[in-house]
Every structure is written in C-alpha cells, then in structure tokens.
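Visitor: Sequence:
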Amino acid sequence: MKLQDTLELYVKAAVKALFQSELESVEFQATRKEFAGDITVVVFPMLRVVKGNPAVIGEQIGQYLEDNVDLVKGYNVVKGFLNVEIEGSYYVDFFNTIKDQNTYGFIEDKDDKAVMVEYSSPNTNKPLHLGHVRNVLLGYSVAEILKASGKNVYKTQIINDRGIHICKSMLAWQRFGNGETPKSTELKGDKLVGNYYVEFDKAYKKEITELVSQGQSEEEAKKNTPILLEAQEMLRQWEAGDKDVVALWEKMNGWVYDGFEETYKAIGVDFDKYYYESQTYLLGKEFIAEGLKTGVFEQDPDGSVWCDLTKDGLDRKIVLRADGTAVYMTQDIGTAIQRIKDYPDVGGMVYTVGNEQDYHFKVLFLILQKLGFDWAKNLYHLSYGMVDLPSGKMKSREGTVVDADDLIQEMADTAEDISKELGKLDDYSEDEKKVLYKTIGLGALKYYILKVDPKKRILFDPKESIDFQGNTGPFIQYTYARIQSILRKSNLNDDVLLSTATALSINFDEVSLHEKEKQLIKQLEQFPEVIQNAAEQHSPALVANYTYDLVKDFNSFYQNVSILGADSEHEKVFRVALSKSVGQTIKNAFSVLGIDVPERM
RNA sequence: GGUGGCAUAGCUCAGCUGGAUAGAGCACCUGCCUUCUAAGCAGGCGGUCCUAGGUUCGAAUCCUAGUGCCAUCACCA
Numbered sequence: 001m002k003l004q005d006t007l008e009l010y011v012k013a014a015v016k017a018l019f020q021s022e023l024e025s026v027e028f029q030a031t032r033k034e035f036a037g038d039i040t041v042v043v044f045p046m047l048r049v050v051k052g053n054p055a056v057i058g059e060q061i062g063q064y065l066e067d068n069v070d071l072v073k074g075y076n077v078v079k080g081f082l083n084v085e086i087e088g089s090y091y092v093d094f095f096n097t098i099k100d101q102n103t104y105g106f107i108e109d110k111d112d113k114a115v116m117v118e119y120s121s122p123n124t125n126k127p128l129h130l131g132h133v134r135n136v137l138l139g140y141s142v143a144e145i146l147k148a149s150g151k152n153v154y155k156t157q158i159i160n161d162r163g164i165h166i167c168k169s170m171l172a173w174q175r176f177g178n179g180e181t182p183k184s185t186e187l188k189g190d191k192l193v194g195n196y197y198v199e200f201d202k203a204y205k206k207e208i209t210e211l212v213s214q215g216q217s218e219e220e221a222k223k224n225t226p227i228l229l230e231a232q233e234m235l236r237q238w239e240a241g242d243k244d245v246v247a248l249w250e251k252m253n254g255w256v257y258d259g260f261e262e263t264y265k266a267i268g269v270d271f272d273k274y275y276y277e278s279q280t281y282l283l284g285k286e287f288i289a290e291g292l293k294t295g296v297f298e299q300d301p302d303g304s305v306w307c308d309l310t311k312d313g314l315d316r317k318i319v320l321r322a323d324g325t326a327v328y329m330t331q332d333i334g335t336a337i338q339r340i341k342d343y344p345d346v347g348g349m350v351y352t353v354g355n356e357q358d359y360h361f362k363v364l365f366l367i368l369q370k371l372g373f374d375w376a377k378n379l380y381h382l383s384y385g386m387v388d389l390p391s392g393k394m395k396s397r398e399g400t401v402v403d404a405d406d407l408i409q410e411m412a413d414t415a416e417d418i419s420k421e422l423g424k425l426d427d428y429s430e431d432e433k434k435v436l437y438k439t440i441g442l443g444a445l446k447y448y449i450l451k452v453d454p455k456k457r458i459l460f461d462p463k464e465s466i467d468f469q470g471n472t473g474p475f476i477q478y479t480y481a482r483i484q485s486i487l488r489k490s491n492l493n494d495d496v497l498l499s500t501a502t503a504l505s506i507n508f509d510e511v512s513l514h515e516k517e518k519q520l521i522k523q524l525e526q527f528p529e530v531i532q533n534a535a536e537q538h539s540p541a542l543v544a545n546y547t548y549d550l551v552k553d554f555n556s557f558y559q560n561v562s563i564l565g566a567d568s569e570h571e572k573v574f575r576v577a578l579s580k581s582v583g584q585t586i587k588n589a590f591s592v593l594g595i596d597v598p599e600r601m
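Here the first sequence is numbered in full-length UniProt numbering, starting from 1 and rising by one per residue.
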C-alpha cells in the first residue's frame, strides 16, 4: 500500500479516537523543503468536522500518529500544517521493492480494449516541417505513454494523398521537370515534389499578373489562369481513373512516401498502419445514406446533406456536397468506422491534430455519437498549439518553414560542436561519435518540444539555438551517462547490488539514510503515478518535467555525497544501487518521450 | 459579431483534484575541477501570477465581467 493510503487510515483513526468524528478524506501534500518532515497533512479541511484551533488539532493528531504508528518517527505543526517525519527504513524498504525492476513505472498487464493513436497525417505535396515535428513527437510519445500505462496501442496516420494540391505538383513536374527523379537529382522524393509545388505557385502567380495586365480583376484572374484550370482538369481525370494521370500520381506519391519514411526514421517514430484518403474517402458516404434514413442527417432541396447540430450549441454542418461528392467530414466519418472494422479490439481513438481544427473534431465526435457507435464516446482530440516563428506563422509558399530534415541535422551539428569543445570522447570511433551526436541533437530537439504543455503554442526562434544546459534533453542524457560511468567503475554486479542493498535495510541502524538519498527515493516513488497522470492527460510534458526534477535531485546527490568513496561497503553498494535505479527510471521516462540515452557523452 | 484556447521573473517554461514566504532553466553576479564526467553543483539578483469583482478559513488555480493575442465559424482540408 502506498504511504499516503496507509497514513490516511491512521489519520482517520486518530480523528475518530480523539474527536469522535468521521473524516471522508485526508488531504496530503509533500512537505516543503524549509520544514522538517516528509509528508504533510493539511488540517484546515478537517475543521468542517472537527471544531477547534487547527494548530492544536494538528498537534493532537501528530502525537497520536507518533504514539501509534511505527512508520512515524516524529512530527511538527506549523499553522494548520502537520508535517510528519517518516522512518528512513520505510524508504529503504520501498527502494528494495523497486530496485530490480527494469520496467519500473510501467504496467505490463494490458487492458482488453486497445487505443488507436493517429498522428502526422501529412499532405503529399511538400516535405515535413517543424509543425509536423511537433505533431509527430507528441503523437508518438502519447502512444508510448498509453502503452506504459497499460493499454494496447496502434499507431496510425491518414495520408492526405488526393486532391488539387498533389495535382499542382504533378502538373508542374510534367511541364518543367524534364523527367527529373529523386535518383537523378539526388534529392529526397518529398523535397523534389515540394519543389514542383513551389514551381506551380510561381507559374500561377505569373499567369495572374499577365491576366491582370490584360484587364481582368485579380479575383477573376485567380480563378482563370490556364495552369490552375489545367490542374483542376487533372483532378477530374484522376477521379475518372485516367491511366496516365493515375500512373503519374502513383509515381510521385511514391517518391514522397520514401522521403517521409526517411524523415520518420531519422526522428525515430513508427506506425502500425497507414490509411490513405484516396482509399477511404468514399467509405463515409455509405454511413451518410444510413444516417439519412435514421434521421441523423437531413437533405436540402439542392441535394446536399447536412447534420443539424444547433441543439447541441453548434451549427449545421455539411456532410455531402450537392453534387454528391465527399467533404473532409465525410471521409473522417468513414475512416473512423473503417478503423474499428479493421481493429475490433479498439475501444477509443486519439487524434493528434493542431488546435485550428478543434471545431472540426467536436463536430466529428458528435456526429459519430449520433450515428450510434459506442466507441464514439472514447474519442479524444489531442489538440496542440501552433509552432510559430518570431516572424509569425510558417508559410511554405513564402519559404519561411523550418524544414524537419534540416532541423534534425542542425541539432546534431550543434551537439558535435559542443562535444568537440568538451573533448571527452577522443577514444570514440567516428561512427560512434556520429551516433552520439544524433542522439544528443535529437534529445535536445525532442525534449524542447515535449516539455511544454501540448495546448500551448511554441515560439521557435531558429537564430537562438536550442539550449543544451539546464532544463534540456542533453542535461538529462548527461546525468544518465554519468550514472553509467559510476556503474562501470563500481565493478559491482547485479547480485551484489541486490543483496547488499537488502542487507542495508536489515542493518539500518548502522547507516542512516542521507537527506539526498531519501529525497531521491521519494522522487522515484512518484514515477508510476506520473505515467498514469500523463496518460490520462495525454501530456508528455508531465513526464519531461518529472524527469528533470529527478535528475536535478540526482545531480545534487552526486555532487554532495561520495558514491564510490562511501564510508562503508554497505553505503557504497546502496548508493550505487540507488544510482542504477535512477538511471533506469531516466531511461524509462525518456523511452516514452522517444528519446535515447547514451552510455557516455 | 458567435464560439474555443492562451495570458506567471528581461526571455523560455513548471505550478497535480484550491493550501504554508509563487518555483525551475536561460541571461546577469559570487564561489566550487589534485577525489565518481563542470553539458555539473552551491548561492545571489529578479514577480501588480493581464485587470476588476465574486465564492471561502484560504485563490496563480474555481466563477463572472473586461482587456490583449491566437484559432475557428466554407458545398477547403
């Protein structure tokens, strides 16, 4: 049983014995550093049941606990706060129960119902940028956190592979491409296709200028440029299944997928299943027809189909155009249903999509509920803030985007510069160094993005490079590397670590627990709860900030207490074992953030 | 205009279901490498928690109103 739960029973018993009153619950908080004690009982809420001076009541309860509870070593009362000191042996005993768990903090028995997490979901006409990076890191991490919290998880995305945007790239490539391929240009496929998307835009703008000089209004010109009309014609041909257009579409999308795959690999994320809009956009229609029969939807005289959500405080939402073609909503309805068909064990889904689409998902979830799907109540929009530059929004057409591949490379380069300056790795091979630079660079980037609350926007200044000191990924990685160094130098194998730490608890009087050691164990004790909270709140930031606190405590311990130079063998082994556990916890925490930890740095 | 989100130190961010004198990092200043990796540690400076009301023993946290920024309100996605 958790310390808090145990104490709660005793505090209730104390109140019953002393004041003949029943408490419903007891409020605890961690004791602030400036006071003696380990855990604090807040007396104020009891005043509803027990009348009197809170300080006096605290005093009486404290005395009762000291007299009746072995765990309680002492107490003090400050105003209405009862600070309880816990026997050091409690912490040593607790540590003994976790020190050999490699999966500490994770729940291994999985729920029957799985969760599907969607993230990334890019368009196929341009490379991934910093905005996608946030999406991908968040989605991956939340998926891993959910796994760690005891869920089976499927990672997926929906690839927006059809529509006018890809036709624009296709057309530009046809016109200006001279048969270029990723191979012939040595460009990543997504970059090559993205270039033609830009080419299209250039030609388009030029044609607008021409038409305007011929007397058309700008508005007219935008609709009438030959190149746009041709792109629209291409889309019609695609929808009609024109062989040549489809072949070109397949070829160019193939290039993009290869490029994306490379980027995902570089970032270190993966997917269990891909969905393509081109394959699912028709599926929703069936259910629109179904919903029309059951009255969920209504048809206007022009043939368009709507869902009336005014009673739910929202608007009327179109789900099918007058010409019978699908809109975004149609396809999302179809995709959701398809996913449950494919994976019947899925009981809920998480959509990692920017907060600009909050309204869309509110509507989508509501419609799915109205259609009567029981899983529809377990849909969650993991809505996150935009990543903005000091100059404002990123705009691909204006060339202000921060490219994902470039960014990853720059982070590794910075890691390399710093590492070389510090010069601690002279005996590493070039290959080993390269891997390490990437680990550190990515660690910096991922931590930088994941440590902020998803719903808040991020301001990213490319000129001010991401820090490697303080509350950063590399700082935490560095601490991990230090711990590994100690483990190597201690020459203690696991058997010794296990047995001697146990011996310490038996002979506890010999050695008292150092403040810094106790603090570390308290911090370790929090980890499983942090994972559960992070899963409930879909927030990797909670894990990131926890890890930082843990690491700060460790570094303080490390600098103030000699580990390998401890006075007794007992102490030394205990401290090494404690360090090892902290290292394992860092590793576990970082694994759900998708960040690797190095043996040295 | 309707709806939703955000607002905490010069900058970037924490602050769990309301609890003690609001915490970190960066930057700036002071110390600490002959002892386990100084990407570190110990300390200092720095706050009208956007504003005004309200709820209560107690509010950065909850409620109301206002201000500012962002998003959204398409037969776009």
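Hints in this document: simulated from the structure, not taken from any laboratory.
One should not assume that every hint holds.
Restraint ranges, calculated between C-beta atoms of paired labels, are given here [stated by the list, open to error]: (1) N555 <-> D494: 45 to 51 angstroms; (2) Y359 <-> N555: 41 to 47 angstroms; (3) K222 <-> R457: 27 to 33 angstroms.
Under the rule of at most 30 angstroms between Cα atoms (straight-line distance), these lysine-lysine pairs were calculated in the DSS-like manner [to be verified]: (4) K456 <-> K317; (5) K377 <-> K191; (6) K451 <-> K393; (7) K455 <-> K377.
Being a predicted model, the structure only gives us computed values, none of them experimental.
For each residue, glycine too, the CB sits at the ideal point set by N, CA and C.
Visitor: The structure should be examined with respect to each hint, and the outcome stated for every one.
Guide: Results of checking the hints against the structure:
no.: 1; hint: N555 <-> D494: 45 to 51 angstroms; in the structure: violated (24 angstroms)
no.: 2; hint: Y359 <-> N555: 41 to 47 angstroms; in the structure: holds (45 angstroms)
no.: 3; hint: K222 <-> R457: 27 to 33 angstroms; in the structure: holds (31 angstroms)
no.: 4; hint: K456 <-> K317; in the structure: holds (28 angstroms)
no.: 5; hint: K377 <-> K191; in the structure: violated (40 angstroms)
no.: 6; hint: K451 <-> K393; in the structure: holds (21 angstroms)
no.: 7; hint: K455 <-> K377; in the structure: holds (21 angstroms)
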